Amino acid sequence: MPQQMPEGPRRSTLSERLLTPTRTREAYLAGIVVVAALLISIPYGTFLSASNISEIIVDSSIIIIVSASQAMIVLTKQIDLSVGSVMGLSCMIVGVTAANHPGVPAIVLVLEGAGLGALFGLVNASIIAGLQLPSMIVTLATLEIYRGVVPAIASSVFTYQLPNSVLALARGSILGIPRLEFYALVVVILVGYFISQTRTGRELYAIGSNPDAAALTGIPARKRTFWLFITSGTVAGIAGVLWLAFYGAAETTSALGFEFTTVTVVVIGGMNIWGGSGSIRGVILGALILTGVTNALVIANVSVNWQQAVNGTILLVAVSGNVMLTKRTARRLMLAQRAREKQIAAVS
Amino acid sequence: MAINEPHTETGNQHAHLVADNFVPPEPVTSGKQILAVPALSTDKVSKSFGGINALMEVSVHFRSGEIHALIGENGAGKSTLTKIMTGVYEPDGGHVLVKGQVVNMRSPLDAQHLGIAAIYQDPLTFPDLNVAENIFMTRHPIHSSHQISWQSIYNQTDILLRSIGAKFSARTQVSALNPAGRQLVEIAKAISSNATVLLMDEPTSSLSQGEVTDLFSLMRRLRDNGVAIVFISHRLDEIMEVTERVTVLRDGKLIEEAPIAGMTRDRLVQMMVGRPLSALFTKAAAHVGDVVVSLNNLSQEGNFHNITFDLRAGEIVGLGGLVGAKRTEVAQALFGIGRLDGGTITIDGKRVSIRSPGGALRYGIAYLPEDRLVQGLVQPISVADNMSLPALKSFSSHSWMSQRKVVNNALTWVDRLHIRLARVSQAARELSGGNQQKVVLAKWLGTRPRIVLLDEPTRGIDVGTKAEVHGLIAALAEEGKAVLLISSELPELLAMSDRIIVMREGEITGRFTREEATPEIVMRAALGLAREEQLERAD
Chain G
1 MPQQMPEGPR RSTLSERLLT PTRTREAYLA GIVVVAALLI SIPYGTFLSA SNISEIIVDS
61 SIIIIVSASQ AMIVLTKQID LSVGSVMGLS CMIVGVTAAN HPGVPAIVLV LEGAGLGALF
121 GLVNASIIAG LQLPSMIVTL ATLEIYRGVV PAIASSVFTY QLPNSVLALA RGSILGIPRL
181 EFYALVVVIL VGYFISQTRT GRELYAIGSN PDAAALTGIP ARKRTFWLFI TSGTVAGIAG
241 VLWLAFYGAA ETTSALGFEF TTVTVVVIGG MNIWGGSGSI RGVILGALIL TGVTNALVIA
301 NVSVNWQQAV NGTILLVAVS GNVMLTKRTA RRLMLAQRAR EKQIAAVS
Chain B
1 MAINEPHTET GNQHAHLVAD NFVPPEPVTS GKQILAVPAL STDKVSKSFG GINALMEVSV
61 HFRSGEIHAL IGENGAGKST LTKIMTGVYE PDGGHVLVKG QVVNMRSPLD AQHLGIAAIY
121 QDPLTFPDLN VAENIFMTRH PIHSSHQISW QSIYNQTDIL LRSIGAKFSA RTQVSALNPA
181 GRQLVEIAKA ISSNATVLLM DEPTSSLSQG EVTDLFSLMR RLRDNGVAIV FISHRLDEIM
241 EVTERVTVLR DGKLIEEAPI AGMTRDRLVQ MMVGRPLSAL FTKAAAHVGD VVVSLNNLSQ
301 EGNFHNITFD LRAGEIVGLG GLVGAKRTEV AQALFGIGRL DGGTITIDGK RVSIRSPGGA
361 LRYGIAYLPE DRLVQGLVQP ISVADNMSLP ALKSFSSHSW MSQRKVVNNA LTWVDRLHIR
421 LARVSQAARE LSGGNQQKVV LAKWLGTRPR IVLLDEPTRG IDVGTKAEVH GLIAALAEEG
481 KAVLLISSEL PELLAMSDRI IVMREGEITG RFTREEATPE IVMRAALGLA REEQLERAD
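Here the protein sequences come in this chain order: G and B. For the first sequence, position 271 matches number 271 in my numbering, and the numbering has no gaps at all. For the second sequence, position 475 matches number 475 in my numbering, and the numbering has no gaps at all.
Hints were generated in silico from the structure; no laboratory data involved. Check each hint, because a few of them may be wrong.
[Stated by the list, open to error] Not the full set, but computed from the structure, chain B residues with beta-carbon under 7 Å of chain G:
(1) L124
(2) F126
(3) P127
(4) D128
(5) L129
(6) M137
(7) H140
(8) Q147
(9) Q173
(10) S175
[What the hints assert, rightly or not] Not the full set, but computed from the structure, chain B residues with beta-carbon under 10 Å of chain G:
(11) Q112
(12) T125
(13) T138
(14) V174
(15) Q379
Note that this is a predicted model, so its numbers are computed, not measured. Idealized CB from N, CA, C, for every residue including glycine.
In isolation and in its complexed conformation, chain G is listed as follows (with noise of 0.2 Å):
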């Protein structure tokens, strides 16, 4: 294939089809994973065991599921705080209704912490999107209503003997894949497939990008926030009975700050803080990293009063270290267009 064919407009060269800018951030996280955990394995020869690694994915398969949807959010520039509490309140309610009636089916279940967190999500968007308040704010006070209603819940009955049924819902395999991490590869596939392979899902990205040029190439941004809201509020109500069934038990500090978590492995992602930009593959990348740090602690015998310092941490450098990646390709990208009309201007 020719590589120089300065002539009139140019064909896309290939460097840009493959090293876009998600892309590029896509390759660094993927080697700060394979190199950390190289490094972690040196003293720590367990952590790359083929049981120790299937722990680490199990383990963030709740934590992809959510962060995928909040990775929609993030991308229209806005946020969702109340996912930890919608998912302690899902699981809570759905564990107080399995261990009363003992007999009802596990999809009734999974429905009826679906809806739950349907209803908690519209509280969200009606707030958001009808009267236009940020979403920080707004899903910072659900975030401490929901949790303030667990107790409440909770006192009324013991919440410790579930029924198998419930149980079964987070163990054995689908096709020989473990269930938790089937439903997280479901998630990944649709959520991908929407926000990369449809006009609706594309919007998302014009949103984030620039909200005015989306308003007037006609995008309703207002109906699209609303729905992401509900959509997200739903996914942390499953997230909240899969948590029910993964740990066998709904506490008032189930999920207890489980929307740093996801915000946490959107940002290590790469996605844009701002909005505009990131991928799907960006949140596995970042939930892997961040399981696989807290992994390590346990595995390094460090205590768990570390585990949020440390968190914190990768936050900070995830959230300056893609500040600076992207400003870096922005200029890479915007030197190597100058040369390119240098070069189509030196040959006509």
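Following the hints, position chain B against chain G.
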């Protein structure tokens, strides 16, 4: 449908946009030949904002296959007209017609559906996305499964880009493009959506000479393909070069629509400025004192360069120019906003360095910003508090504000400037535009400045208050203050200034005494036509 209706498609597709009270247009006849119905026209559209008439019964006609210049001074109504034709504003009276049919546009999207595309000075693009997606956003070609066909989107984009001679590819990220490239993306978008009317607002202002040439040949090709192009520009040379007809607006009224052939620059200038100079404040002769502040070769990267002039005590210096002349930037640089890349400022003969508005205040400089709603007033707080803001120290003792001092100060100014309000504790936003402007004046005069920079002090205020503000400005000069008056209204500039300096695209293009200045001379300088003569005179 009748055969001789070229607009059936638009009419059918967006029938809801066509008003119920549709009146068939009168056929335009000229001699033997029946002229084509204009692609876009207006019929006596009017628009006013808060009692100020921005447009009065303006009828314009833009035809297919024609590049049509729309010119006028700042505030002549060009941008209001553009916004009405692109669905941003709805007219108060009159109609917009697309291919002879009255249309009701409620949003820019309606305009797009009717085939009207607008390209702004600063194109509205999605920087994070590539060129292809910018062009096809919401209209991505899709498979029957609703999946986007990337093959098709990239192929179509490459063909489009080739046809307009773009030097980038479908996959180039838009953030990597310069303004000319982003403009091309917008043009490609307009072409791909089958736009029949292209409104271009100052499209050449950020382009290099070569890029302008390329743009013009593209415009001509689009014209030959039957697109109606409206070209809004202050550059008369470019208008003479690329357009075929010209429509001149002045003070919200249509002055003339004429072919460009046989038109001269002087005639255009005359049409843009020719208005009677009656009913304006005339100031008394100035008692000019010593030089207070000197600007020597001030430069600011990308904005202005080699700006040199003095301000003297008791003198009003008018700073004239059109949009993009960068007059505000010069005034703000003197007020410590924006970094300087070269040149010096001296005050009372001593070289000074002004790095912030606080520093400017210490040298006795006050600046009345152009946009008082955003920069000049804290809207929700009271008139009295607004007036005390720049000089809080003088109203406080031991860090505690004295409400009594604040209120007394406000009452003094209300009296002196005849500000009409219910109480000084009223929120600033409740006042009328003219009275708000007076509050801003009071706010800065309270700092007892020696140098007063006024940026469009009478924009958007009614005639009566305008005269009062003019009286105040004259009084400031009589008190011995050095006044710099930025104004886009030629009559105001001519009536108020002892000396007039004219800028164009960041350079001084004319200096005139009160006696020398006529509307034509100042406008010629603002359009860059008089530079050679001026340079000769300076030697």
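Evaluation of the interface hint that places S175 (chain B) against chain G, nearest CB under 7 Å: holds, 6 Å
Hint validity - L124 (chain B) Cβ closer than 7 Å to any chain G Cβ: holds, 4 Å
Restraint check, 7 Å cut-off on beta carbons, for M137 (chain B) near chain G: Nearest chain G Cβ about 5 Å off; hint holds.
Hinted contact Q147 (chain B) with chain G - closest CB pair below 7 Å: holds, 5 Å
Interface hint outcome for T138 (chain B) [beta carbon to chain G under 10 Å]: holds, 6 Å
Hint status (Cβ of Q173 (chain B) to nearest Cβ of chain G, threshold 7 Å): Where the cut-off is 7 Å and the nearest Cβ of chain G is about 6 Å from Q173 (chain B), the hint holds.
Interface hint outcome for L129 (chain B) [beta carbon to chain G under 7 Å]: holds, 6 Å
Q379 (chain B) as chain G interface residue, shortest Cβ-Cβ below 10 Å: violated, 19 Å
Minimum beta-carbon distance criterion (7 Å), D128 (chain B) to chain G: holds, 4 Å
Minimum beta-carbon distance criterion (7 Å), H140 (chain B) to chain G: holds, 5 Å
Closest C-beta approach of Q112 (chain B) to chain G relative to 10 Å, hint status: Interface hint status for Q112 (chain B): holds (7 Å vs cutoff 10 Å).
Evaluation of the interface hint that places V174 (chain B) against chain G, nearest CB under 10 Å: This hint holds: V174 (chain B) lies near chain G, its Cβ roughly 9 Å from the closest one there, short of 10 Å.
Of the numbered hints stated above, the single one contradicted by the structure is hint 15.
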